[in-house]
Amino acid sequence: MALLPLAYLVVRATERGWAPVRATLWRDRTLELVGRSLWLAATVTAACLVIGIGAAWLVSRTDLPGRRVWRVALGMPLALPSYVAAWAWLARYPSLAGFRGAWLVLTSVSFPYVYLPVLAALRRSDPALEEVARSLGRRPMRVFLSVTVRQVRIAATGGALLVGLYALSDFGAVSIMRYQSLTHVIYISYRASFDRTPAAVLGLVLAALAIVIVLVDAWTRGESRTAKVGAGTPRAAPPVPLGRWRWPAVAAVASVVGFSLGVPLWSLNHWLQRGRSRADWSQVVDATASTLTVSALAAVATIALAIPVGVLSARYAGRLSRAVTAAAYAGHALPGIVVALALVFFGIRLATPLYQTTSMLVFAYVVLFLSLAIGAVHGSVSQAPPELEDVARSLGRTQIGAWRSITLRLAAPGVGAGAALVFLTVMKELPATLLLRPIGMDTLATRLWSHTANASFAAAAPYAAAIILLAALPTALLTRDRT
Amino acid sequence: MRRLLALLLPLALVAAACGGDDDDGTAAPETTSTTAAAAPEDAGELVIYSGRDEALVAPLIEQFEASSGYDVSVRYGSSAEMGAALLEEGARSPAHVFLSQEVGAVGVLDKAGLLAELPTEVVERADERFRPADSTNWVGITGRSRVIVYNTDLVTEVPEGVLDLTDERYRGQVAWVPGNASFQAFITGFRVSHGEDAAREWLEAMIANGAQEYSSNGDVLTAVDNGEIAIGLINHYYWARLLAEVGEDGINSQLVFPTGGDPGGLVNATAAGILRGGAEHPGALAFVEFLLSEEGQTYFVEETQEYPVVPGIGDPDGVPPLDELDGPAIDLTDLDSLEASQALLTEVGLLS
Chain G
1 MALLPLAYLV VRATERGWAP VRATLWRDRT LELVGRSLWL AATVTAACLV IGIGAAWLVS
61 RTDLPGRRVW RVALGMPLAL PSYVAAWAWL ARYPSLAGFR GAWLVLTSVS FPYVYLPVLA
121 ALRRSDPALE EVARSLGRRP MRVFLSVTVR QVRIAATGGA LLVGLYALSD FGAVSIMRYQ
181 SLTHVIYISY RASFDRTPAA VLGLVLAALA IVIVLVDAWT RGESRTAKVG AGTPRAAPPV
241 PLGRWRWPAV AAVASVVGFS LGVPLWSLNH WLQRGRSRAD WSQVVDATAS TLTVSALAAV
301 ATIALAIPVG VLSARYAGRL SRAVTAAAYA GHALPGIVVA LALVFFGIRL ATPLYQTTSM
361 LVFAYVVLFL SLAIGAVHGS VSQAPPELED VARSLGRTQI GAWRSITLRL AAPGVGAGAA
421 LVFLTVMKEL PATLLLRPIG MDTLATRLWS HTANASFAAA APYAAAIILL AALPTALLTR
481 DRT
Chain E
1 MRRLLALLLP LALVAAACGG DDDDGTAAPE TTSTTAAAAP EDAGELVIYS GRDEALVAPL
61 IEQFEASSGY DVSVRYGSSA EMGAALLEEG ARSPAHVFLS QEVGAVGVLD KAGLLAELPT
121 EVVERADERF RPADSTNWVG ITGRSRVIVY NTDLVTEVPE GVLDLTDERY RGQVAWVPGN
181 ASFQAFITGF RVSHGEDAAR EWLEAMIANG AQEYSSNGDV LTAVDNGEIA IGLINHYYWA
241 RLLAEVGEDG INSQLVFPTG GDPGGLVNAT AAGILRGGAE HPGALAFVEF LLSEEGQTYF
301 VEETQEYPVV PGIGDPDGVP PLDELDGPAI DLTDLDSLEA SQALLTEVGL LS
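Going down the list, the sequences are from chains G and E. The opening residue of the first sequence carries number 1 in the numbering used here; numbering runs sequentially from there. The opening residue of the second sequence carries number 1 in the numbering used here; numbering runs sequentially from there.
Okay, chain G solo, but in the shape it has when bound:
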């Protein structure tokens, strides 16, 4: 399934023979674009790692004032379409255009890819290890770096991988910030010339980069083990007192939220005041209902498929599982338009009765976002000790039964985080939704797009607000305190 977009790209890239492929690949400019895309992805990923891990630790392990509110607010930017954030920033600070703007916007909307899984990992890990380290005389900062970070390493690298691939595939931020990257050029060549060959060749380059990144990630992850023997006792950790760092920490978290949510909201409000167009409220309600429906369906379907793949790659790391995982991640690195056109191509030929139905659309979301769920499942399953399953089996449980009652239960918070990531990301997906949705159906993202494309910014504002409010739901659910 994950290979469909790649198959499509190969068909399109080579339909006119190999000469145009070589011509596109052998240009200096292609190399330059690869460099620019990789640089953006690397810097955004680094920033997201720092923000994501730091924020997750602050809201879950310290006495940060207002941490319950911050906990939810920090997950919400994920649902904000990058083009809305980019446009909001640029309208206020025109000089940001270029690399700085693209970096800022991509970081501000994608750090929750790290934050959410790390938060889930922190909540299911046993604070005893940190207590032991502290009781042995380690200072809090060293405990954080040597014990805490190590415990959440898989969740964090999984998140970082998603950030990197997302930064490679995003079009909204790079186009509005006018940063020439591979994705930007792929879109332009579809839009301007309908010449699908160079776009497909560059798409394959992007997919190849993604696969290399995934393999390097898997290789560096190696055979290291994060599960303890025994599940430990995941309980609420006694909060680390921040002392004089209390208010600087609040300022740091508040500025992350301000940058990622505050500025876009402020800009929208500005347009709401200035513009004369008005949204049709019945359309807002309809779009909200359909967004909820497709996002929830996509989250369920994606998780259902990701569980076997994630478990496979966590428990039985081998060539097959690595190949499947890499293919799934490649889907995440491809621009939405490429995946959408691939599904148009295959959908209308192989699944005609389903073409342009909700099922087809949900299928597209699964292909696009499977990697989000796989990463989360993988991370949480590898924290659950396999020995417990062996014990359960030795006590007479079947393999499936043991897996369900032990591993799935231990991994549940991580799986939930995966579902939330998918839900939040689907809410803002645009290119595939535009082409594959049932005729007449609109989501919040499609309405937002059509109003902003038409300069009806005031009419667009309620849709953006609805996206942010809806995003609070799964985030609040995921980040709530366990009682």
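I should point out that these hints are in silico values taken from the structure, not numbers from a laboratory. Owing to the predicted nature of the structure, the values given are computational and were not obtained by experimental measurement.
Looking from chain G toward chain E, a few residues come up when the C-beta cut is under 7 Å (computed):
{"id": "1", "residue": "P94"}
{"id": "2", "residue": "S175"}
{"id": "3", "residue": "R178"}
{"id": "4", "residue": "R274"}
{"id": "5", "residue": "G275"}
{"id": "6", "residue": "R276"}
{"id": "7", "residue": "L341"}
{"id": "8", "residue": "G440"}
Cβ coordinates follow ideal geometry from the N, Cα and C atoms, glycine included.
With the hints as your guide, set chain E onto chain G.
Quick look at chain E alone, frame taken from chain G:
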């Protein structure tokens, strides 16, 4: 393939089953779409792919439904992406009619053999400058002019045409969109009217003068109106829409319609075509005829300040009349040498 279907089907069943339970509100569009995609002929439903915006086109389509009695479903998106999707769908497309924001997309579908012939008398309702010279496979629906937009606070010496913009005083002040279809049509018009060398020299001089690259006409207009940059090259109706959104008092920009044969004053068109698969549907032709009727043409003139393609319909308010526009003297079909323009843009380093 069979394996693929085996994977698809259970997922579809899950989706369909959950869809029914989850939400009553969205059940209706879901069912209509299934019938539309599966059997538009039986249902008698007319399926339109629109590259033009919903807020703009939906009221007009309602008028058509009311007057003709056809049941119409519309898929909205951007023209280029709709065009790309139609190319992928090929002969199986559920669409009957394609309404495009630009001539380029219908031209590409025509070259791919996906468009059906329109009756000559229908195409000939449009003025000669707004229809293809050598076929009747599509027809222009509205005209739009390329313009220069400038920020009234930042620009004291207003340029008269794009040829002025290479002047030192506009260094780093001009925004353009090299990837945009209407920009490329403008370059084509430049090449055809002033020659290849003149077009190349102008592009190189503009690059040397620090022209700034943006990704859409809308972004350029927002940037100019915000004071981010002084001058931009766009189509005239974007500005008309912004004026409608913020009003006379709220707008910080004005337009120049280049004259005297300046290539920056190119008049281009939006267009419609009937897909081969849609030729059987009587509503398809009825809809194209409706767009060219007095009612359809007047709607565009009044709502979007675009120029009518049918002679005898009044010009829009607030912009110079069509007859007074004096851009490069070329014919729309001359714009089909798009590939040469793209080659030129690639050569000077604006496209890859």
